[in-house]
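S.K.: If you're matching them up, the sequences are chains A and B in order.
When you line the first sequence up against the working numbering, it's residues 1 to 189, in that order.
When you line the second sequence up against the working numbering, it's residues 1 to 189, in that order.
Calculated directly from the structure, the hints in this document are not laboratory data.
Check each hint, because a few of them may be wrong.
It does not matter which identical chain is used: a pair holds within one copy or between any two.
Once the Cα atoms are required to be at most 25 Å apart in a straight line, the calculated DSS-like pairs of lysine-lysine come out as [claimed, not checked]:
| id | residue 1 | residue 2 |
| --- | --- | --- |
| 1 | Lys109 | Lys123 |
| 2 | Lys123 | Lys12 |
| 3 | Lys12 | Lys109 |
Protein chains: 2
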Amino acid sequence: MNDLLTSYITSKIAVTDAELDIILGFFKPIKLRKNELVLANGEISQRSFFITRGCLRIFFINESGQEATRYFAFENQFATALVSFITAEESDEFIQAVEESEIYAINHKDFYYLLGVIPQWEKFYRIYLELAYVTNTRRLMSFLMQDALEKYQQLLKENPMIVRRLSNRLVASYLNISQETLSRLKSKL
Amino acid sequence: MNDLLTSYITSKIAVTDAELDIILGFFKPIKLRKNELVLANGEISQRSFFITRGCLRIFFINESGQEATRYFAFENQFATALVSFITAEESDEFIQAVEESEIYAINHKDFYYLLGVIPQWEKFYRIYLELAYVTNTRRLMSFLMQDALEKYQQLLKENPMIVRRLSNRLVASYLNISQETLSRLKSKL
Numbered sequence: 001m002n003d004l005l006t007s008y009i010t011s012k013i014a015v016t017d018a019e020l021d022i023i024l025g026f027f028k029p030i031k032l033r034k035n036e037l038v039l040a041n042g043e044i045s046q047r048s049f050f051i052t053r054g055c056l057r058i059f060f061i062n063e064s065g066q067e068a069t070r071y072f073a074f075e076n077q078f079a080t081a082l083v084s085f086i087t088a089e090e091s092d093e094f095i096q097a098v099e100e101s102e103i104y105a106i107n108h109k110d111f112y113y114l115l116g117v118i119p120q121w122e123k124f125y126r127i128y129l130e131l132a133y134v135t136n137t138r139r140l141m142s143f144l145m146q147d148a149l150e151k152y153q154q155l156l157k158e159n160p161m162i163v164r165r166l167s168n169r170l171v172a173s174y175l176n177i178s179q180e181t182l183s184r185l186k187s188k189l
Numbered sequence: 001m002n003d004l005l006t007s008y009i010t011s012k013i014a015v016t017d018a019e020l021d022i023i024l025g026f027f028k029p030i031k032l033r034k035n036e037l038v039l040a041n042g043e044i045s046q047r048s049f050f051i052t053r054g055c056l057r058i059f060f061i062n063e064s065g066q067e068a069t070r071y072f073a074f075e076n077q078f079a080t081a082l083v084s085f086i087t088a089e090e091s092d093e094f095i096q097a098v099e100e101s102e103i104y105a106i107n108h109k110d111f112y113y114l115l116g117v118i119p120q121w122e123k124f125y126r127i128y129l130e131l132a133y134v135t136n137t138r139r140l141m142s143f144l145m146q147d148a149l150e151k152y153q154q155l156l157k158e159n160p161m162i163v164r165r166l167s168n169r170l171v172a173s174y175l176n177i178s179q180e181t182l183s184r185l186k187s188k189l
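Sequences and hints are given; from them, build the entire structure.
M.R.: If you want it as structure tokens, here you go:
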């Protein structure tokens, strides 16, 4: 049932079967309809999600009142509103299924409990945080240093699935540009 | 000599005296002149720094050719160009002492060696990454969602030392605004 989650975890850390059972026991399966929210802004992010089918989008409302997407997570990836998950403060971000999705959720309390009882879970979370830090910082640098065309070209190179699989509206929200600008960029290339 | 570093580490994790000695043994003291660089862009960030006196600035050159500051680290804080430190790819960022400074440096190789031999060091690094993630993401959100005045007001509230201690040029580079705009904001408040 959760083969994808098992192989994801065991690809990152060395755990015994007993430890793996403890870890997996904390993950609950959830089915989501397209466009269903699993977190709204103002709520505290108390779960982390692993996607086995579909796609979660993490977004916020920017200064112009537009939705700006920070991150898309597809199959075999984790996603949460991580600042709120870490700080237990209210989230600025929403999390939404942009396709019909199947995910596994682990509670913050259980996630941190595992840090105390399974030393390798510290390593798992460390690798998770390293990846999240690198991804997020590259997003920050790209907002600060690239124009729309450069951002789109980098997206095509590094994350073509986003362009292939999702609507223009969502791709535009990820690049923080209008759909009109996105259409113009596409026709140029 | 490195009391500040010792108390920083032992405030985060529970280590034996023997483990602490191993950890401290990897930190080398360095004295820096004002404006001295400890990392230039294009280099790989192979050290993490703990500041015992002075201030390190992490900055990059933005799309307009201006210096944009991502982070100031003062006494009792760690700092490095963390994306490059994690990925071993070339850094987009510079690290510079903006005051005469005394720091301790640990090599990437030694830092990761400690993860393998001292389980609590995984926890130390996890806390380090959580803080770095939260700090950096808040910076990203502030660039995306706040205007210059809001950014300046938040800085005064959360990090007044930056305004008190550093030059207008450096404060402006942190807010990613011109010195003229900063002067205007200051006269308004």
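S.K.: It remains to establish, for every hint, whether it holds in the given structure.
M.R.: Hint check results:
Both within a single protomer and between protomers do Lys109 and Lys123 lie at most 25 Å apart by alpha-carbon distance, with minima of 18 Å and 17 Å respectively. For a Cα distance limit of 25 Å, the shortest separation of Lys123 from Lys12 qualifies both inside one copy, at 8 Å, and across copies, at 17 Å. When the C-alpha separation of Lys12 and Lys109 is checked against a cutoff of 25 Å, the pair qualifies both within a copy, at 21 Å, and between copies, at 20 Å.
This entry satisfies every hint, going by the numbered hints stated previously.
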